Amino acid sequence: MKALIKDIMAPAVCVIQKFRKETQDTFTLELSPPEEGFSFSPGQFNMLYMYGIGEVPISISGDPADTGRIIHTIRAYGAVTSRMMTLKKQEMIGVRGPFGTHWPIEDLVGRDILLVAGGIGIAPLRPVLFHILSNRTRYGKVLLLYGERTPGDLIFRNQIESWRGRFDLELEVTVDSAREGWRGNVGVVTTLMPRIVLDPSNTAAMLCGPEIMMHYTIQELTKKGLRDDQIYISMERNMRCGIGLCGHCQLGPTFVCKDGPVFLLSKVRHLFRKREL
Amino acid sequence: MTQNPVKLADEVVIDRDDLQQILDVLESDGYQTIGPVIREGVMVYGELKTVFDLPVGWTDEQGPGSYRLKKSDTPTLFGYVVGAQSWKKYLYPSVSRLWRSEREGNGFSVIEEKDQFPAYAFFGARSCEISAISIQDRVFNNDKYSDYNYNEIRRKSFIVAVNCTKPAGTCFCASMDTGPKAFAGFDIALTELLTNKRHFFIAEAGSDRGASVLSRVTFRPVTKDDKALALGVHQAALRQMVRRLNTSNLAAIFSDHFDHPQWEKVSGRCLTCGNCTMVCPTCFCHTIEDKTALDGLYAERWRKWDSCFTKDFSYIHGGSIRASEKSRYRQWLTHKLVTWVEQFGTLGCVGCGRCITWCPVGIDITEEASVIMQAPDGVSPSI
Numbered sequence: 000m001k002a003l004i005k006d007i008m009a010p011a012v013c014v015i016q017k018f019r020k021e022t023q024d025t026f027t028l029e030l031s032p033p034e035e036g037f038s039f040s041p042g043q044f045n046m047l048y049m050y051g052i053g054e055v056p057i058s059i060s061g062d063p064a065d066t067g068r069i070i071h072t073i074r075a076y077g078a079v080t081s082r083m084m085t086l087k088k089q090e091m092i093g094v095r096g097p098f099g100t101h102w103p104i105e106d107l108v109g110r111d112i113l114l115v116a117g118g119i120g121i122a123p124l125r126p127v128l129f130h131i132l133s134n135r136t137r138y139g140k141v142l143l144l145y146g147e148r149t150p151g152d153l154i155f156r157n158q159i160e161s162w163r164g165r166f167d168l169e170l171e172v173t174v175d176s177a178r179e180g181w182r183g184n185v186g187v188v189t190t191l192m193p194r195i196v197l198d199p200s201n202t203a204a205m206l207c208g209p210e211i212m213m214h215y216t217i218q219e220l221t222k223k224g225l226r227d228d229q230i231y232i233s234m235e236r237n238m239r240c241g242i243g244l245c246g247h248c249q250l251g252p253t254f255v256c257k258d259g260p261v262f263l264l265s266k267v268r269h270l271f272r273k274r275e276l
Numbered sequence: 000m001t002q003n004p005v006k007l008a009d010e011v012v013i014d015r016d017d018l019q020q021i022l023d024v025l026e027s028d029g030y031q032t033i034g035p036v037i038r039e040g041v042m043v044y045g046e047l048k049t050v051f052d053l054p055v056g057w058t059d060e061q062g063p064g065s066y067r068l069k070k071s072d073t074p075t076l077f078g079y080v081v082g083a084q085s086w087k088k089y090l091y092p093s094v095s096r097l098w099r100s101e102r103e104g105n106g107f108s109v110i111e112e113k114d115q116f117p118a119y120a121f122f123g124a125r126s127c128e129i130s131a132i133s134i135q136d137r138v139f140n141n142d143k144y145s146d147y148n149y150n151e152i153r154r155k156s157f158i159v160a161v162n163c164t165k166p167a168g169t170c171f172c173a174s175m176d177t178g179p180k181a182f183a184g185f186d187i188a189l190t191e192l193l194t195n196k197r198h199f200f201i202a203e204a205g206s207d208r209g210a211s212v213l214s215r216v217t218f219r220p221v222t223k224d225d226k227a228l229a230l231g232v233h234q235a236a237l238r239q240m241v242r243r244l245n246t247s248n249l250a251a252i253f254s255d256h257f258d259h260p261q262w263e264k265v266s267g268r269c270l271t272c273g274n275c276t277m278v279c280p281t282c283f284c285h286t287i288e289d290k291t292a293l294d295g296l297y298a299e300r301w302r303k304w305d306s307c308f309t310k311d312f313s314y315i316h317g318g319s320i321r322a323s324e325k326s327r328y329r330q331w332l333t334h335k336l337v338t339w340v341e342q343f344g345t346l347g348c349v350g351c352g353r354c355i356t357w358c359p360v361g362i363d364i365t366e367e368a369s370v371i372m373q374a375p376d377g378v379s380p381s382i
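Just so you know, the protein sequences line up as chains A and B, in that order.
Under numbering that gives the first Met the number 0, think of the first position of the first sequence as 0, with each following residue one higher.
Under numbering that gives the first Met the number 0, think of the first position of the second sequence as 0, with each following residue one higher.
Please keep in mind that the hints were generated in silico from the structure rather than gathered at the bench.
Just so we're clear, the structure is a prediction, and the values are computed from it rather than from any experiment.
You may find that some hints are simply not true.
To be verified - Covered by chain B, per the in silico footprint, the following chain A stretches (three or more residues, Cβ under 8 Å):
id : region
1  : 52-59
2  : 230-240
To be verified - Once the Cα atoms are required to be at most 20 Å apart in a straight line, the calculated SDA-like pairs of lysine to any residue come out as:
id : chain 1 : residue 1 : chain 2 : residue 2
3  : B       : Lys290    : A       : Met49
4  : A       : Lys17     : A       : Thr66
5  : A       : Lys273    : B       : Gly40
6  : A       : Lys17     : B       : Gly104
7  : B       : Lys165    : B       : His198
8  : A       : Lys222    : A       : Arg194
9  : A       : Lys223    : A       : Gly139
10 : A       : Lys266    : B       : Ser254
11 : A       : Lys17     : B       : Ser254
12 : B       : Lys143    : A       : Ser38
13 : A       : Lys273    : B       : Ser145
Built from N, CA and C at the ideal position, the CB exists for glycine as well.
One chain only, chain B, in its complex shape (with noise of 0.2 Å):
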């Protein structure tokens, strides 16, 4: 079959039965392509050979505190939305060795590690995700230095985007401008439409990377009709977003609301467990931990995710700056909604709810923003 290439920002029609060649040719240029899988009854990001391998016919079921998934009646691929891991944890792994020393002597050299990092395809990337990651690039960017490992595999991956079709009751990414609708960041951008008698997905091509791809899949042209169809169900899952942050005034909470009574209630639900900060998409806050043999010949040097959550994680000579726990979770939350603007331009927070699902007790940044931002007695604190 002869078709016109794809162009920039071209739309195309794909069959369900046809999405597969989205994974050939993605392998076929050397891809390793990663999506949502089922692992132990949660959705998981993991290595994707077929679309087989996607959770078809699953959806779930998110509120504060819960997450369960669900066979629904509909054979979508993509009828759920986030999990508790995002892309960072192939971005920005985990743990990671930084380098390794040996004892020469009176001294010791240093080994740096030279990594070889694979080129990802990210498929299924939800829009909040994406937001999530072009704040990553960010941090891992500062005014005056940069990561080599996050950019490398960065530079090298490929993301194709799913517009959410329908949010959990934890998303909030409207308030916060990053969705449902994928709208940057993506080199392709799907919509899964069902109806009665079709299935299939309208492409979009968000860069000259992503067209190439589209052009070698089989296509059809896009009609007024399917874009209508995808309209609706864009508007539908945006009406069917339940939680909102109100975002006018965020600044007030560390500017006015410092001391707010709220900082001690929430922190007497709050165990510092710290998952809000692991499954966090932009968290990034590390550790450095040094390791040695017990010859003492060997010396290593790792990073490791951190978080602010931990009484070590301010700890200098003499004691921990946040010993509370109220100053720990406030410090969590203003820099998330307020201190990130200044440091990065941009909030830290996309509204993916993933810190209300995935905390053991619920608490819902939502509702604690809402309280504090509001003076104790109910006024509203002037600017």
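If we strip away everything but chain A, and leave its shape as in the complex, we get (with noise of 0.2 Å):
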């Protein structure tokens, strides 16, 4: 793994290539990287800087065998990532990363892959996603769930629909509530477990959403026959360093910054929805 710069606390000023409002309220980042490129996993994540404003770590939404390109795409929410949305082509942004670990693809090899995505939690799972199409031949069946808020908040919308026509790729969606018009499932992420056929004995599923929705996946997951150590998560909580060396990404002991933030279920499971941890 390669670091984007020498010194991990001082940001990579990167110029912003493309801006693409994906909803109301996300949008996608596509910055040219720093003379010596950049290259990280999937599930791996960047600290964004907006100049004068703060620091937020942002998952990676790219292709990881793209290393011309960093792109991140976000969900305006705060102070930084609201003023983010406001950035236009040729402006700046500063970068650190990446950081954390990763969806262990490489170690996945021949297995079923089941995807689950909750809103922005889309946004680190699609260089799975990338990767795994463009070395299709090397996993077995592949699964993507998604929910959303509402139709018009479903992120990535053209290539999901694009995808959506690939005979090698199964992709439910679901959305929360909907207006007359939306023909497809409407209900949280679990109602679209009863239609799925899983191979326990072969399958490792990646969840990214909020821990609520992780929490009942992996209970149908269980019902389903799947171990814990068949189970990855993506986890989150306050990051400042990026570096397991501020403290606030704690996780019982856990640096969910530099240990996660994808853990393998079974590693946190006592830690997992431990209430006020």
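Combine the two chains into a complex, taking the hints into account.
This is how it looks when you write it as structure tokens:
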């Protein structure tokens, strides 16, 4: 893994090559990396600095094979991300990273893959799909379940529609609520579970979304025969440094920024959903 | 006077009146010597030019929520133990600027801070404090990253340890195996000895650098009687330490007693002021602050000590993970005594007692831990 910058606390200044609005509150930034290029593994994140406002951890949503661009898909929520939504092409932001653990795609060659995304959780899972689709023969059955709030909030909508046309990828989308005209499923992501068929002996699941969504998804997967050592989750905590020094992201004995964000569930089962830990 | 050079692990005797020579040699070697001095009624760490800057003839009385300096009837130089400050003040300053940035057209430039770090000599570090430094050495060199500033300052620093001869009421280093006598991590260790007739130090060379410094001061060989005297003093210090922490089953605090009613009870007293985290010599948490000039043309990033007792500490979109006072006290205590071990291979507590002394309501980590280690009904938990 190549670090983007030599001094990990000073951001590299990166130019925005493309700004694409995805939905009313999400957008994708395409940045040109510094001279040395940029490589990452799916599931990792960068610390993005909005000049004069602050810095936030944001997962990387691009194709890991593409070292010429850094791609982030962001939901505007706080001061930094809201200001980022007003960025334009040719403006610059600071980048530190990549940080954290990744989805273990290399270890899962030959396995069936289930991806479950809740909301913006689709962003850190998209690099997994890019990788699998570029190496399709190396994996078994591939399934993506994606839950969003409303049809208008669906991120990567065009891409998802084109992926839906593929015969080598099963893709199910659901929304919490919809108006007339939505012909898809309505309900939380676990309502998709009854219609999917898994081979529990050969499936690995990767989950990213709100903890409560992952919690209920894990329950359903357990019913379907998956063990905790077949399930990977991506956790979220307050992060300030990204390198396990500032202490903010502690989840019991783990530093989520350095030992996570991607964890094998069996390793953190005793910490997951522990109230106020 | 010609003397044989002092070698690693040698012990020599230095008279009280010759102790100044150590400071002089350190200065000529380019060190900025820091040691205990009195400011506004408390002992703090500050610049030390002569041994007269030390709190000569002072002692301290410490208890839960209480610290008093008192004149003692002896002219000892080190008749007190630790105060609120620790060497972390120098190794890991409470505020430091990481970089500056200037607006340029569509973008900005980042100018990294290129600090010049002084070589410090820490004169009078206690054994518990040296253990705390060795713990922070691991924190700032984790399995993946290391902190440049900390490691630069640390690499250059020189440590003169002082063995404690009179523990304070809040000390419990013996329980934590970190003192009261320094056993590692020093360049020189001093034991102060005062009899009716003599006032002198036994100095032990803990490193080649330390041996080199000692070789250049006036000393004489240590005698059997000197050693016996020192042993007696060390043993007396150990006997005087009344506070204990049972470390045999600390892990149960996290694994078995996460929902113990005592957490709620102690949170009724805890003010979540964060004093304990500021005075703790191992606490390392910090925050990152961005500052911007009003005209928006200039920005800075600073690192500042932070405390897990603030609500903001665990804030993510939607709210704080640890919203209740109870959960924040629990985070602090379980981090020190349990989860630290998995993170860094050592406990996060050295038994210096600062968190007890400087807690405004006198909460005692040893008491709380011992209550929580017992099941609520008083039955010891099974492991």
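Results for each hint:
Against chain B, the region 52-59 of chain A contributes 3 residues with a C-beta closer than 8 Å to a partner C-beta. That satisfies the three-residue criterion, and the hint holds. Coverage of a stretch by a chain is defined here by at least three residues with a beta carbon nearer than 8 Å to that chain's beta carbons; for the region 230-240 of chain A and chain B the count is 5, and the condition holds. With a CA separation close to 12 Å, the supplied pair B:Lys290 and A:Met49 stays within the 20 Å bound. For the hint pairing A:Lys17 with A:Thr66, the CA-to-CA distance comes to about 16 Å; that is within 20 Å, so the pair holds.
Restraint check: the Cα-Cα separation between A:Lys273 and B:Gly40 comes to about 45 Å, which exceeds 20 Å; the hinted pair is violated. Of the supplied pair hints, the one linking A:Lys17 and B:Gly104 holds, its CA atoms being roughly 18 Å apart against a limit of 20 Å. Taking the CA atoms of B:Lys165 and B:His198, the gap is about 16 Å. The hint holds against a cut of 20 Å. Proximity of A:Lys222 to A:Arg194 is assessed by CA-CA distance (about 14 Å); at most 20 Å being required, the pair is judged to hold.
Between A:Lys223 and A:Gly139 the CA atoms are separated by roughly 18 Å; this keeps the pair inside 20 Å, and the hint holds. For the hint linking A:Lys266 to B:Ser254, the alpha-carbon distance of about 14 Å falls within 20 Å, and the restraint holds. Taken as a hint, the A:Lys17 and B:Ser254 pair is broken in the structure, with Cα atoms around 49 Å apart against an allowance of 20 Å. Under the criterion of a C-alpha separation no larger than 20 Å, the hint pairing B:Lys143 with A:Ser38 is consistent with the structure, at around 18 Å.
Taken as a hint, the A:Lys273 and B:Ser145 pair is broken in the structure, with Cα atoms around 30 Å apart against an allowance of 20 Å.
Of the numbered hints listed earlier, those contradicted by the structure are 5, 11 and 13.
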